[in-house]
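> Okay, here's what each chain looks like letter by letter:
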Amino acid sequence: MASPPAVAEQRAQDSQAHPRFAVEFHDVSIAFEDRQVLDGISFQLRHGETKAIFGVAGSGKSTVLKLALGLIRPDAGRIHVLGEDITRMREDDLFELRRRVGIVFQESALFDSLTVRENVAFRLLEEANVAEDEVEKRVREALSFVELEHTIDLFPSELSGGMRRRVAIARTIITHPEVLLYDSPTGGLDPVTSNTIIELVVKQRDVYQTSSLLVTHRLQDAFTMGTHYFDRGENKMKPLPPGSRAKVPMCFLILRDGRIIFDGDLPSLRETKDEYIREYIS
Amino acid sequence: MELISPTDFAKEKVQSVQEYAMLAARSIGNLFKRPLYFADMIQQADLIGFGSLPIVVLTGFFTGGALAQNSGDTLRRFGSLTLIGQLVSLGMVRELGPVITGLMVAGRNASGMASELGSMVVTEQIDAMRALGTDPMKKLVTPRVVSTVTMLFFLTIISDAFGIAGGGVASSLFFGVDAHQYWSTAWQILVFQDVFTGLAKPILFGFIIATIGCYYGISARGGTQGVGRATTQAVVAASILIIMVDFFVTRFTMTLFSH
Numbered sequence: 000m001a002s003p004p005a006v007a008e009q010r011a012q013d014s015q016a017h018p019r020f021a022v023e024f025h026d027v028s029i030a031f032e033d034r035q036v037l038d039g040i041s042f043q044l045r046h047g048e049t050k051a052i053f054g055v056a057g058s059g060k061s062t063v064l065k066l067a068l069g070l071i072r073p074d075a076g077r078i079h080v081l082g083e084d085i086t087r088m089r090e091d092d093l094f095e096l097r098r099r100v101g102i103v104f105q106e107s108a109l110f111d112s113l114t115v116r117e118n119v120a121f122r123l124l125e126e127a128n129v130a131e132d133e134v135e136k137r138v139r140e141a142l143s144f145v146e147l148e149h150t151i152d153l154f155p156s157e158l159s160g161g162m163r164r165r166v167a168i169a170r171t172i173i174t175h176p177e178v179l180l181y182d183s184p185t186g187g188l189d190p191v192t193s194n195t196i197i198e199l200v201v202k203q204r205d206v207y208q209t210s211s212l213l214v215t216h217r218l219q220d221a222f223t224m225g226t227h228y229f230d231r232g233e234n235k236m237k238p239l240p241p242g243s244r245a246k247v248p249m250c251f252l253i254l255r256d257g258r259i260i261f262d263g264d265l266p267s268l269r270e271t272k273d274e275y276i277r278e279y280i281s
Numbered sequence: 000m001e002l003i004s005p006t007d008f009a010k011e012k013v014q015s016v017q018e019y020a021m022l023a024a025r026s027i028g029n030l031f032k033r034p035l036y037f038a039d040m041i042q043q044a045d046l047i048g049f050g051s052l053p054i055v056v057l058t059g060f061f062t063g064g065a066l067a068q069n070s071g072d073t074l075r076r077f078g079s080l081t082l083i084g085q086l087v088s089l090g091m092v093r094e095l096g097p098v099i100t101g102l103m104v105a106g107r108n109a110s111g112m113a114s115e116l117g118s119m120v121v122t123e124q125i126d127a128m129r130a131l132g133t134d135p136m137k138k139l140v141t142p143r144v145v146s147t148v149t150m151l152f153f154l155t156i157i158s159d160a161f162g163i164a165g166g167g168v169a170s171s172l173f174f175g176v177d178a179h180q181y182w183s184t185a186w187q188i189l190v191f192q193d194v195f196t197g198l199a200k201p202i203l204f205g206f207i208i209a210t211i212g213c214y215y216g217i218s219a220r221g222g223t224q225g226v227g228r229a230t231t232q233a234v235v236a237a238s239i240l241i242i243m244v245d246f247f248v249t250r251f252t253m254t255l256f257s258h
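Each protein sequence line maps, in turn, to chains A and B. Note that numbering that gives the first Met the number 0 gives residue 105 to position 106 of the first sequence, counting from 1, and the numbers run on in steps of one. Note that numbering that gives the first Met the number 0 gives residue 218 to position 219 of the second sequence, counting from 1, and the numbers run on in steps of one.
By construction, these hints were calculated from the structure, which means they are not laboratory data. Be aware that a few hints might be false.
Under the rule of at most 20 angstroms between Cα atoms (straight-line distance), these lysine to any residue pairs were calculated in the SDA-like manner [as the list claims (entries may be wrong)]: (1) K138(B) <-> L96(A); (2) K138(B) <-> D91(A); (3) K138(B) <-> V129(A); (4) K65(A) <-> E123(B); (5) K138(B) <-> L70(A); (6) K65(A) <-> G132(B); (7) K65(A) <-> M128(B); (8) K32(B) <-> R98(A); (9) K32(B) <-> L124(A); (10) K138(B) <-> D92(A); (11) K32(B) <-> N128(A); (12) K138(B) <-> E90(A); (13) K138(B) <-> E126(A); (14) K10(B) <-> D33(A); (15) K65(A) <-> V120(B); (16) K32(B) <-> L93(A); (17) K32(B) <-> D91(A); (18) K12(B) <-> F31(A); (19) K138(B) <-> L93(A); (20) K65(A) <-> G221(B).
The structure displayed is predicted, hence computed values, not measured ones.
Please construct the entire structure, taking both the sequences and the accompanying hints into account.
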């Protein structure tokens with residue numbers, strides 16, 4: 000990727016200039032066909048932090064991400080993304096804001112009639128003012144970040160599930176979004192491929208300091224993220240040294256019956272006395 | 000099958016009409032906003048226009064031929080076989096050319112649009128497009144509407160020409176009508192009113208085909224079964240609307256030109 004420290008420094012300056020949270024939910028509720036999916040939830044995502052969202056199937060995890068991107072609107076409450084109230088925003092203005100936010104969908108959602116190159120370059124091609132050479136350079140950089148440069152001319156149908164997920168990550172990060180939303184990025188993948196994806200998410204968090212919301216069913220993935228950091232020198236994810244006081248910007252949020260029953264960091268999660276949560280994480 | 004209350008049914012229908020009207024309005028409104036996606040328009044024009052050419056040529060030719068056979072038989076009884084060129088020409092240009100072409104393109108392209116966009120909806124590609132900061136209405140709907148309207152206009156002219164030619168071949172083969180006489184009467188009978196009526200219709204039909212196809216595609220729900228249902232509904236709705244609109248446009252233009 001193009002000079003990661005420069006992007007990270009710029010991001011740090013931006014977050015100081017705008018000291019508000021990256022994402023804020025205030026009393027957000029939404030129902031689908033008389034079923035209350037979210038019932039007055041409130042939480043904040045700090046700049047540079049990654050928040051893992053857990054919950055059983057149908058608890059509204061993916062709905063949180065779609066709300067944060069303005070793809071659906073809440074029935075009640077307010078949502079602020081990068082300081083802007085998106086609940087009252089017109090669709091045209093939302094398109095502008097979405098250029099600063101990226102999402103990796105559960106099933107990748109790659110455009111099946113476009114090649115990997117065209118998929119990854121989609122945002123740049125839409126902007127129309129990016130030179131062809133620059134597009135090619137950035138596509139290759141994004142693909143090399145996910146180690147899939149050799150797939151550039153293939154179609155999504157020619158890739159494995161894990162590769163599609165990694166291409167989706169490349170497509171999302173090509174414009175260095177300020178907020179990233181991951182919808183079950185490791186769902187349905189084998190442990191080795193899942194680990195590769197989690198390493199990419201950790202790399203994005205620690206190298207670019209991107210604020211992220213990550214929906215997952217797999218507790219072990221979130222725990223890995225809470226106990227590992229990305230070593231730039233060795234270019235790989237490593238566990239935090241045992242006994243060290245170093246912390247990674249990672250916290251956890253658990254949803255149950257449309258409400259938040261936990262919102263905190265890894266030590267608080269481990270020490271919780273809540274029966275349901277203890278059973279969930281055991 | 001789940002029973003639905005009449006109130007909910009009525010609300011659902013009103014909402015569908017409202018959503019369709021908004022999609023149709025936005026498809027036109029987007030023409031005045033950047034970006035315009037010219038490349039997508041050209042690609043769709045190729046798919047819709049050039050792709051539909053064989054079926055339009057064949058159906059036009061054989062419809063004209065069948066029209067000549069049916070009317071020729073009746074005209075001969077009255078000793079007015081010389082009018083066959085006029086009858087085929089008027090029938091094709093005013094009515095059958097636009098309607099047959101519209102129905103053929105609806106069958107081929109409204110279904111294609113509904114299934115393509117429906118598949119994109121159920122695989123979250125439309126959401127992905129919105130998430131990437133691109134308006135699917137601008138990128139997917141407007142180019143299809145512009146291309147269908149433009150191409151149906153020209154396809155109808157081609158269908159009219161081949162229909163009249165088909166009528167000419169049938170008249171010569173089965174009734175021994177002189178080809179020169181056929182062509183000169185077929186050509187001379189056409190006046191501004193006929194050409195206007197015949198070329199106003201494909202503009203409306205093209206708009207109906209593209210907006211209905213896109214609307215059912217964008218509204219598809221329920222996986223592959225939902226996409227299949229959307230495809231069928233798009234063809235049925237577009238075909239019915241074409242025939243209904245044809246009736247009203249015919250009445251309107253007749254009233255307009257009768258004064």
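> Please go over all the hints and tell whether each is borne out by the structure.
For each hint, the structure was consulted:
1. K138(B) <-> L96(A): holds (18 angstroms)
2. K138(B) <-> D91(A): Status holds; Cα separation ~14 angstroms.
3. K138(B) <-> V129(A): holds (19 angstroms)
4. K65(A) <-> E123(B): holds (11 angstroms)
5. K138(B) <-> L70(A): Holds: K138(B) and L70(A) sit about 17 angstroms apart, inside 20 angstroms.
6. K65(A) <-> G132(B): Holds - the C-alpha atoms of G132(B) and K65(A) are around 14 angstroms apart, at most 20 angstroms.
7. K65(A) <-> M128(B): Holds, at about 13 angstroms.
8. K32(B) <-> R98(A): Holds, at roughly 18 angstroms.
9. K32(B) <-> L124(A): holds (18 angstroms)
10. K138(B) <-> D92(A): The hint holds at about 17 angstroms.
11. K32(B) <-> N128(A): Holds - the C-alpha atoms of N128(A) and K32(B) are around 17 angstroms apart, at most 20 angstroms.
12. K138(B) <-> E90(A): Given pair K138(B), E90(A) holds - Cα atoms ~15 angstroms apart, limit 20 angstroms.
13. K138(B) <-> E126(A): holds (13 angstroms)
14. K10(B) <-> D33(A): holds (16 angstroms)
15. K65(A) <-> V120(B): It holds: about 15 angstroms lies between the C-alpha atoms, which stays within 20 angstroms.
16. K32(B) <-> L93(A): Holds. K32(B) to L93(A) sits at ~16 angstroms (cutoff 20 angstroms).
17. K32(B) <-> D91(A): holds (11 angstroms)
18. K12(B) <-> F31(A): OK: K12(B) and F31(A) at ~19 angstroms, within 20 angstroms.
19. K138(B) <-> L93(A): holds (16 angstroms)
20. K65(A) <-> G221(B): It holds: about 19 angstroms lies between the C-alpha atoms, which stays within 20 angstroms.
Hint check: no violations occur; every hint is consistent with the structure.
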